[in-house]
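Trainee: Going line by line, the protein sequences match chains A and B. Using the working numbering, the first residue of the first sequence is number 691, and each one after it goes up by one. Using the working numbering, the first residue of the second sequence is number 705, and each one after it goes up by one.
These are computed hints drawn from the structure, not numbers from a lab. Any given hint might turn out to be false.
Unchecked claim - Label-pair ranges, simulated between beta-carbon atoms:
1) A:G842 to B:K767: 51 to 59 Å
2) A:D954 to B:K868: 33 to 41 Å
3) A:S881 to B:L834: 34 to 42 Å
4) B:K827 to A:G842: 47 to 55 Å
Here the structure is a predicted model, which is why all the values come from computation and not from measurement. Idealized CB from N, CA, C, for every residue including glycine.
Single-letter residue listing:
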Amino acid sequence: MNSSPSLMSVIRSEWIKFRSVRSTVIGTIIMFVLTIGLGLLISVAVKGHLQSMTPVERATIDPIQIAMGGILFAQFAVGVIGALVITSEFSSTSIRTTLAAVPSRLRLVSAKAIVLSAVILVVGEIASFIAYFNGAAVFHGTVAAMPSLAQGLTLRSVLLSGLYLTLMGLFGFGLGLILRQSAGAISTYTSLLLIIPILVFLLPSSWQNSITKFEPSVLGQAMRSTNGVVRGGSIFSTWTSTAILAGYCAAVLSAGIILMQRRDA
Amino acid sequence: MISVEHLTKKFDDTTAVDDLSFEVKPGVITGFLGPNGSGKSTTMRLILGLDRPTKGRALINGKPYHSLGAPLKEVGALLDAKAVHPGRSARNHLLALAVSNNIPTSRVDEVLNFVGIESVAKKRAGDFSLGMSQRLGIAGALLGDPPVLLFDEPVNGLDPEGIKWIREFFRQLADEGRTVLVSSHLMSEMAVTADQIIVIGRGKFITSGSVDDLTKNAAGTVILRSANNTKLNQILLEAKAAVSEINDEGLRVSGLSAAAIGDLAFGAGVAVHELTPERASLEEVFMELTQDSVEYSQHAKDAK
């Protein structure tokens, strides 16, 4: 009778919840389609302009960044999925039913984070590999030919693309935990990705260089970079960027969990 | 068994639950009564560990809610029938709940059948009527076959047939030896549903007891019609009775028995046309008990 609801039971329960609601399922499909579809579109567009590029542009072109261009759009989808996983529970007040079944808030949040990460990681990696192969096919035989996956840096770039989406999903989830409202969490997430770069753009250029590299999407580009060059400024190394982004996630998730423990449901 | 000990919950500037202590025993239906905004829902949320008490504690069979191994197997609760993700089907909603507490998934179909919503189990819960949502909530409460059950205003939104069904259902649960706590702001509903009643107002304990106990102790009134109400009024007031005029023809007298009033009228030579003792209804007892504690202010809404 007294079989405690283990983390595994709560994970299974959260998995049922994740796949039984239209918004999270459609969000996951959108992320998949954007990563692949826009990656292909951007690759084709860039290929058409290869001839008109200056020699310097052509020398610094990173075909992987271009093939993974869809991620710049898919990152909005994962943020929305991440936020909705928790904010939909608050907006429908189903969080009360959920917490009556799973009183440990830490366990509940962990289970949700694990299910969310697992789904985005798997779907994100599949989409990233497909985007890579699409890009390789598009750039085949051009000056910007795609390096093969046998090269460590190339494989790393593709793998970290899926990880980037996963971390951004967790970031959205953390914002959702803190703000508890879908609209608030999603607009905060979007603002951080879109508005901050615009604000930074208004700053003196010496400041821009030191701030831009901390922006999530720039960190993502640095994670995918194989040559350490990102158009428009300096970036951190791949692993430093990964660590900084993971740090952002850890910060919002910890704040969210602390608030969740303290607040009334 | 539910034990509430000195439970207190303060929100910013209001005290929703104020040093509340009571016990809810198994085998009977206990009604939890109070005007709207008196702290019934907050108390239930505190019992379920959803809100954190400012002081005091609530125990389920001697244990705080947080320390229950598989809570759904020990406590079933229906607080808000609409506390379901609107986009999820009834069946998936119950399935996720069952899986989280290691309840066999076959139990989901059992409870769906029991509450009679198996035909709409695959529909989105957001499209349910309030009555159907109540039934889904009851299904959720029954999933783990728990010995303790809490229902917050369960009659809301049910049609007469549903109300009859739910009363019989509560009776059955109590007869099986379960602890059943049912809240309501309607005394008349509790009078026919509950065995024991706990009355609160403004978050404070007011009284508790059986329905009979509560009405027995309340003073009854007598309706009096006579040939000369004015004269009798005077005499009754001299006899220290409280008198109020119903209309031109009748008086409502409290503080004296019908026999005593008849004797006084006879002594005064006034012909009596009607002398009807009225037993205080539970509704009146409730109004009397809670009249000081009804919150008319905006705070009542805030506290809810």
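Trainee: With reference to the structure, classify each hint as holding or not holding.
Mentor: Against the structure, the hints come out as follows:
For A:G842 and B:K767, the Cβ-Cβ distance of about 55 Å falls inside the hinted range of 51 to 59 Å, so the restraint holds. At about 35 Å, the CB distance of A:D954 to B:K868 agrees with the hint of 33 to 41 Å. Between A:S881 and B:L834 the C-beta distance comes to about 38 Å, which sits within the given range of 34 to 42 Å. In this structure the supplied range 47 to 55 Å holds for B:K827 paired with A:G842, their Cβ-Cβ distance being about 52 Å.
Of the numbered hints given earlier, the model fails none.
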